[in-house]
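Peer 1: Build out the structure end to end from the sequences listed, making use of the hints.
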Amino acid sequence: MYAIGKRGLFGQLFGARIFYIPLFIHIVILSLTVCAIVYFLVAFLEKRQLGKIEKKLQILAAGNYEQAFLDTPISQNKEMLLVDHDIKRIKEKLITTSRDLQQLSSQPQMIDGTTKEKILEEERHRLARELHDSVSQQLFAAMMMMSALNEQSQYSEELEPYKKQLAMVADIINAAQSEMRALLLHLRPISLEGKSLRQGIEQLLKELQTKIQIQLKWDIQDISVASSIEDQLFRVVQELLSNTLRHAKANELEVYLKIVDQNVLLRIIDDGVGFEAKDEHAGSYGLRNIRERIASVGGTTKIISFKGQGTSVEIKVPVVTQ
Numbered sequence: 001m002y003a004i005g006k007r008g009l010f011g012q013l014f015g016a017r018i019f020y021i022p023l024f025i026h027i028v029i030l031s032l033t034v035c036a037i038v039y040f041l042v043a044f045l046e047k048r049q050l051g052k053i054e055k056k057l058q059i060l061a062a063g064n065y066e067q068a069f070l071d072t073p074i075s076q077n078k079e080m081l082l083v084d085h086d087i088k089r090i091k092e093k094l095i096t097t098s099r100d101l102q103q104l105s106s107q108p109q110m111i112d113g114t115t116k117e118k119i120l121e122e123e124r125h126r127l128a129r130e131l132h133d134s135v136s137q138q139l140f141a142a143m144m145m146m147s148a149l150n151e152q153s154q155y156s157e158e159l160e161p162y163k164k165q166l167a168m169v170a171d172i173i174n175a176a177q178s179e180m181r182a183l184l185l186h187l188r189p190i191s192l193e194g195k196s197l198r199q200g201i202e203q204l205l206k207e208l209q210t211k212i213q214i215q216l217k218w219d220i221q222d223i224s225v226a227s228s229i230e231d232q233l234f235r236v237v238q239e240l241l242s243n244t245l246r247h248a249k250a251n252e253l254e255v256y257l258k259i260v261d262q263n264v265l266l267r268i269i270d271d272g273v274g275f276e277a278k279d280e281h282a283g284s285y286g287l288r289n290i291r292e293r294i295a296s297v298g299g300t301t302k303i304i305s306f307k308g309q310g311t312s313v314e315i316k317v318p319v320v321t322q
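Just so it is clear: in the sequence shown, position 241 is 241 by full-length UniProt numbering, and no numbers are missing.
Treat the hints loosely; a few may be bogus.
[Stated by the list, open to error] Here are the simulated DMTMM-like pairs of lysine to aspartate or glutamate, each with C-alpha atoms no more than 25 Å apart in a straight line: (1) 52 to 84; (2) 91 to 46; (3) 52 to 66; (4) 55 to 79; (5) 316 to 100; (6) 93 to 292; (7) 302 to 276; (8) 206 to 271; (9) 249 to 314; (10) 195 to 314; (11) 217 to 261; (12) 93 to 54; (13) 302 to 252; (14) 302 to 314; (15) 307 to 271; (16) 316 to 239; (17) 302 to 292; (18) 258 to 222; (19) 217 to 231; (20) 316 to 92; (21) 195 to 239; (22) 211 to 254.
Keep in mind the hints are simulated off the structure, nothing from the lab.
Model, not experiment: these values are computed from the prediction.
Peer 2: So this is what it looks like as structure tokens:
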């Protein structure tokens with residue numbers, strides 16, 4: 001009797017209609033709607049959490065270890081708290097690695113009682129002196145002779161047929177002089193003693209202004225980093241300027257140095273001939289050595305270049321507390 005009554009009740013419910021649609025269809029639609037809302041809500045929350053994880057990893061990859069967002073919890077659930085803990089451990093390991101690299105780079109490497117840096121600087125100085133006293137002077141003398149011949153050709157019919165060849169030789173000598181100036185810049189010993197990194201770079205750029213035709217633009221800020229990092233950055237600026245003078249055939253060159261998000265940011269841009277990314281490893285631009293120098297202090301090097309569109313070199317070195 002009870003069972004019959006129960007079946008009768010269910011029969012009435014499922015037989016009922018709302019707006020001419022059976023009640024059970026309304027129940028099915030409502031159930032599906034609730035399930036869809038719950039699904040999209042869960043998916044939204046998971047996507048938001050994954051977005052926070054991705055942002056934290058990007059901050060770490062950029063070396064911005066002091067950003068407050070890294071200490072903001074992803075979520076209060078157990079799984080996300082474990083992820084936060086792992087990210088914090090990664091951050092601490094990266095800070096320790098960067099600090100160790102920078103401390104290691106500041107320690108002199110000894111060879112037979114003399115530091116490796118001292119030996120290299122003395123050899124660079126010797127080569128620069130020999131090139132300046134011999135090849136550079138010979139090129140200058142050759143250029144003077146070519147200038148005299150060019151002047152004579154204006155008044156001598158005998159030299160008239162050779163005007164074009166004389167001009168070509170003069171261009172070759174002029175190019176060789178430019179190459180020599182770039183080499184001497186590259187070999188010039190580092191001298192930051194008693195100067196800040198900003199003062200050293202600005203002095204270098206001001207001296208270049210008097211020797212080359214490239215238009216220079218710079219914005220160098222005072223930064224406070226270990227002396228070993230200053231030396232590496234100064235040498236990198238020297239190498240990049242030398243490479244630009246030797247290879248880029250640029251008309252304009254820009255140099256920027258500042259602190260951004262707990263990173264030293266060095267950017268050098270030229271409007272020269274550029275190169276394909278695949279050619280970088282050929283070593284014609286000496287960029288491999290620059291990458292190694294920056295990596296030795298825990299930094300990163302980003303190079304963007306296209307043929308005919310110039311080159312941009314961006315260097316980041318994290319500032320870590322000792």
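Peer 1: For every hint, state whether the structure bears it out.
Peer 2: We went through each hint and held it up to the structure:
Between residue 52 and residue 84 the CA atoms are separated by roughly 10 Å; this keeps the pair inside 25 Å, and the hint holds. Distance hint between residue 91 and residue 46 is fulfilled; the C-alpha atoms sit about 23 Å from each other, no more than 25 Å. Taken as a hint, the residue 52 and residue 66 pair is honoured in the structure, with Cα atoms around 16 Å apart against an allowance of 25 Å. Distance check on the hinted pair: residue 55 and residue 79 sit about 18 Å apart at the alpha-carbon level, within 25 Å; holds.
For a cut-off of 25 Å, the pair hint linking residue 316 to residue 100 stands: about 17 Å separates their Cα positions. Restraint check for residue 93 and residue 292: satisfied, since their Cα atoms lie roughly 21 Å apart, inside the 25 Å limit. Note on residue 302 and residue 276: the hinted pairing holds, with a Cα-Cα distance of about 14 Å set against a maximum of 25 Å. The hinted pair formed by residue 206 and residue 271 meets the criterion: a straight-line CA distance of about 20 Å does not exceed 25 Å.
A hinted pair counts as satisfied when its Cα atoms are at most 25 Å apart, and residue 249 with residue 314 qualifies at roughly 20 Å. Straight-line distance between C-alpha atoms of residue 195 and residue 314 comes to about 24 Å, which keeps the hinted pair within the 25 Å bound. A hinted pair counts as satisfied when its Cα atoms are at most 25 Å apart, and residue 217 with residue 261 qualifies at roughly 24 Å. For the suggested pair residue 93 and residue 54, the alpha carbons sit about 18 Å apart, so the restraint of at most 25 Å is met.
With a C-alpha separation of about 20 Å, the suggested pairing of residue 302 with residue 252 holds against the 25 Å cut-off. At most 25 Å may separate the alpha-carbon atoms for a hinted pair to count; residue 302 and residue 314 meet this at roughly 5 Å. Our distance criterion of 25 Å between C-alpha atoms is met by residue 307 and residue 271, whose separation comes to about 10 Å. Distance restraint check for residue 316 and residue 239: the Cα-Cα separation of roughly 16 Å lies within the 25 Å cut-off, and the hinted pair is therefore satisfied.
Taken as a hint, the residue 302 and residue 292 pair is honoured in the structure, with Cα atoms around 12 Å apart against an allowance of 25 Å. The hinted pair formed by residue 258 and residue 222 meets the criterion: a straight-line CA distance of about 7 Å does not exceed 25 Å. For the suggested pair residue 217 and residue 231, the alpha carbons sit about 22 Å apart, so the restraint of at most 25 Å is met. A hinted pair counts as satisfied when its Cα atoms are at most 25 Å apart, and residue 316 with residue 92 qualifies at roughly 19 Å.
This hinted pair checks out: residue 195 and residue 239 have alpha carbons roughly 19 Å apart, not beyond 25 Å. This hinted pair checks out: residue 211 and residue 254 have alpha carbons roughly 17 Å apart, not beyond 25 Å.
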